[in-house]
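A.B. asks: Here are the chains, one letter per residue:
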Amino acid sequence: MTAIPLRHAVIEVADAKISFGAVKALDGVTLRILPGECVGLVGHNGAGKSTIVNVINGGLSPHQGTIACAGEPMQRYGIAAARANGVRCVFQELSLCPNLTVIENTRVMHRTLTGWGWRRRAARIIGDKLDEIFPGHGIDPTGVVSDLSIAERQMVEIATAFSQVAQPVKLVILDEPTSSLDASLATQLLDYVRRFVEAGGSVIFISHILGEILSTSDRIVVMKDGKVVAERPAGKFDEHSLVAAMGSVVKGRHQEKRINDTAGLTPLLSQPSRRGKGLAFEAFAGEIIGLAGLGGHGQTDTLIDLYLARTGSWLRGRDAEVAFVAGDRALNGVFPLWSILKNLTIADLAGLSRRGLVSEPAEANLGQAWKQRIEIRTQDLGNPILSLSGGNQQKVLFARALATPAPAVLMDDPMRGVDIGTKQEVYAILRAEADKGRTFVWYSTEMDEICLCDRVYVFNNGVIVAELKGDSVTEKNVLAASFIGAAA
Amino acid sequence: MNILVSLSRKPWIWSFVAAFAVWVATILFTGGASTIGLSQAALTFAAFSILVGIGQMFVITLGPGNIDLCVPATMTLAGTVALKFMQVDNSLILPGLVVAIAIGVAVGIGNYALIKLLQIPPIIATLSMSFIVQSTAIWTNRGLRIKPPEALATFTTETTIGIPNVALVALVLSVLAFILLQKTVYGRWIAAIGQSIRAARMAGIPVDGTRFVTYVLCSILAAVCGYLLASFSGGAALNMGSEYLLMSIAVVVIGGTAVAGGNSNVAGIWGASLFMFLVVSMLNTYGAGAGIRLIMTGLIIIAVIVVAGGRNPNQR
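One line per chain: the protein sequences are C and U, in this order.
In terms of the numbering used here, the first sequence opens at residue 1 and continues consecutively.
In terms of the numbering used here, the second sequence opens at residue 489 and continues consecutively.
Hints were generated in silico from the structure; no laboratory data involved.
One or more of the hints may lead you astray.
[To be verified] From chain U, some residues computed to sit far from chain C (all C-beta separations above 10 Å):
1) A513
2) G520
3) A529
4) I667
5) Q683
6) A687
7) A746
8) G779
[To be verified] Just the calculated beta-carbon pair ranges, DEER-fashion:
9) D448/C to I491/U: 34 to 42 Å
10) Q607/U to V169/C: 28 to 36 Å
11) L605/U to D305/C: 47 to 55 Å
For every residue, glycine included, the Cβ atom is placed at its ideal position computed from N, Cα and C.
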């Protein structure tokens with residue numbers, strides 16, 4: 001008897017409903033993941049993507065609905081059951097322990113690594129997997145995680161999820177895996193995802209970068225307001241129809257760029273060439289300046305140096321010269337105990353206070369104005385900041401910087417985890433503010449964003465190796481410049 | 489019902505519940521005879537814990553690792569030097585207070601200089617500083633017990649409309665501390681630093697300046713407390729601060745301030761300080777021996793912290 005093996009779904013969530021208070025995070029979502037397919041999951045911030053991911057990895061129990069693994073309905077589904085069924089998750093908020101080494105973090109995720117010589121075995125497992133996914137990664141498994149850059153941490157986390165110790169890995173959930181990776185690392189990851197899927201594994205792939213969703217997924221699920229609003233094979237979507245399904249209108253990408261004649265003007269910000277090599281950094285009023293190049297090549301350090309050199313640690317000057325938008329939210333952005341409002345206003349308390357006392361009505365007005373301007377999705381700005389989804393937290397950090405009177409805003413890859421609709425709104429705000437004379441210095445790992453800038457400095461190995469202006473800011477030129485060595 | 493629920497979420501409520509329960513238990517035992525005396529004594533002695541507790545609270549709010557162990561030595565030095573300066577002369581009472589405050593400022597500057605310049609963790613820096621300060625107190629005092637000026641001694645031991653004067657001083661300073669913490673830019677800054685020092689720096693907060701002011705503030709409050717306590721107890725003694733080392737930390741913790749920093753409240757310090765005094769006097773009333781008394785005090789403190797532990801630290 002030659003029975004065709006019945007293809008059970010790796011996991012099947014039927015009619016899941018979850019609400020947090022009055023907010024319906026999931027409103028009857030049904031999702032089937034078959035073996036050997038990559039499912040792309042897209043939607044705006046707060047559409048319910050992270051919530052459905054948490055249901056699948058066992059972190060949240062739906063208030064209604066069923067979960068079945070390999071065709072068998074699960075009565076008690078939790079984190080342990082999810083792992084036993086081969087479900088792994090790479091979180092949007094990185095979840096490594098910063099004080100432990102890479103090896104020890106591997107052990108934390110893989111409890112079966114016990115007994116004599118587990119360090120050696122763990123080092124081999126994680127090292128091999130890193131080599132397999134990201135050839136030439138240069139990460140030392142015996143190093144402490146806090147010494148790694150955010151991109152390297154993301155790589156370790158991805159490799160940990162894909163490495164197989166006891167149970168076979170059947171389904172890996174990648175929640176914004178490329179958000180801190182530069183183009184070449186992202187390509188390596190996406191290639192690996194395809195190899196993994198062709199070998200019979202399944203992947204749920206969440207990203208706001210539609211190009212990679214379209215090129216990597218077999219099937220795309222679009223979510224909006226806690227519901228699945230469209231589900232089609234990837235070939236039936238293109239970028240326009242995908243954005244339309246998410247409920248946004250694609251705006252024209254080509255905006256007016258300004259090429260300012262800066263000769264003879266005094267720069268607003270300037271920094272001599274780093275370590276005596278490469279070009280010097282200069283920023284003039286009203287410019288949007290991009291910092292490009294492969295991730296972790298000194299862009300963030302440049303921003304932090306610019307910031308620290310212009311703000312005092314002992315006294316606060318009357319008017320801050322610069323404001324900062326953090327990319328690594330948990331490390332240098334969010335104040336976790338506070339409400340959304342207090343997080344938003346902390347950088348501009350001087351403008352909201354008289355004789356040292358904070359004016360609460362003025363603070364509330366500022367909060368309301370920004371809530372409407374960039375649509376922070378919450379009913380009450382008094383809610384804790386951590387009640388917001390990652391992208392909405394990022395919007396609050398944006399508002400924090402833009403609300404200050406600082407003439408220059410430094411942005412450290414700030415669009416990580418922000419949906420396409422909001423991105424477009426923020427782009428428009430940036431352009432409008434720049435026209436009013438504000439300067440933006442913008443490090444981004446996304447080429448589309450770099451191409452929006454008036455002028456771009458390209459980094460390699462910690463120094464600025466090239467400067468591109470106006471129409472010469474193109475993907476091709478930036479990529480070519482990323483590999484130029486620094487002139488002494 | 490709703491009011492009860494929202495009250496039970498306030499981190500400071502538990503210290504008041506505990507203090508009230510112990511108060512009632514003591515009063516019932518004595519048949520109500522000591523109600524006024526016990527209440528006045530509790531307010532008087534609590535006032536001293538409140539003063540040092542508020543200072544310690546500001547420091548603890550700065551986040552993990554921040555603590556001022558120099559509080560007892562500062563109290564002793566300020567009390568000793570101020571009394572010696574006043575020389576039982578009523579006209580020197582206010583200049584004496586200024587001297588005490590100046591000592592607080594100096595100790596605070598010393599503390600933060602050690603922390604910042606030598607990169608020593610606060611727990612070690614303030615402990616080392618306390619040896620220096622305590623030795624200075626021994627050197628100035630030379631074992632003599634100097635009496636406070638008459639008017640100051642009367643002020644610290646008398647009551648106004650039934651409330652001890654020192655409790656009124658503590659009340660005024662508590663209200664100021666509350667305004668400082670909840671309403672001012674400085675209060676926001678220390679709470680921000682306590683949650684994430686890197687995020688605070690990148691939000692434009694002058695981190696070093698704010699921490700420096702906080703350590704100085706804590707030392708000033710300890711110095712004022714030492715000045716009042718020395719006057720209250722009829723003279724400065726070299727060991728007068730010793731019980732306030734643990735006391736200043738205990739009232740902060742029992743009062744519901746987050747030990748991890750970033751979240752603090754003034755009201756809880758009052759409940760906790762009253763509670764700490766009342767527990768001891770309750771056990772005294774019951775005639776418990778010194779050993780039993782210490783064990784019971786420890787157990788009751790643990791019980792209060794456990795009961796209050798169910799609160800949500802994210803509630804603000």
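A.B. asks: For every hint, state whether the structure bears it out.
C.D. replies: Verification of the hints:
A513/U, annotated as away from the interface, keeps every beta carbon of chain C farther than 10 Å; the closest lies near 35 Å. Consistency note on G520/U: stated as away from chain C, and its beta-carbon is indeed over 10 Å from all of that chain's, at 44 Å minimum. The Cβ of A529/U lies farther than 10 Å from every Cβ of chain C, with a closest approach of about 37 Å, so its non-interface assignment holds. The claim that I667/U is not at the interface with chain C is violated, since a C-beta of that chain comes within 10 Å of its own (minimum 8 Å).
Residue-level check failed: Q683/U sits 4 Å from the nearest beta carbon of chain C, not beyond 10 Å. Its beta-carbon lying about 5 Å from the closest one in chain C, A687/U breaks the requirement of being farther than 10 Å from that chain. Not every CB of chain C lies more than 10 Å from the CB of A746/U, the least distance being 8 Å, so the non-interface label is violated. With 10 Å as the threshold on Cβ separation, the claim that G779/U sits away from chain C holds: the shortest Cβ distance comes to roughly 40 Å.
For D448/C and I491/U, the hinted distance range of 34 to 42 Å is not satisfied, since their beta carbons lie about 53 Å from each other. At about 45 Å, the beta-carbon gap between Q607/U and V169/C misses the expected band of 28 to 36 Å. For L605/U paired with D305/C, a C-beta distance near 23 Å fails the hint of 47 to 55 Å.
Hints 4, 5, 6, 7, 9, 10 and 11 from the list above are not met by this structure, while the remaining hints are.
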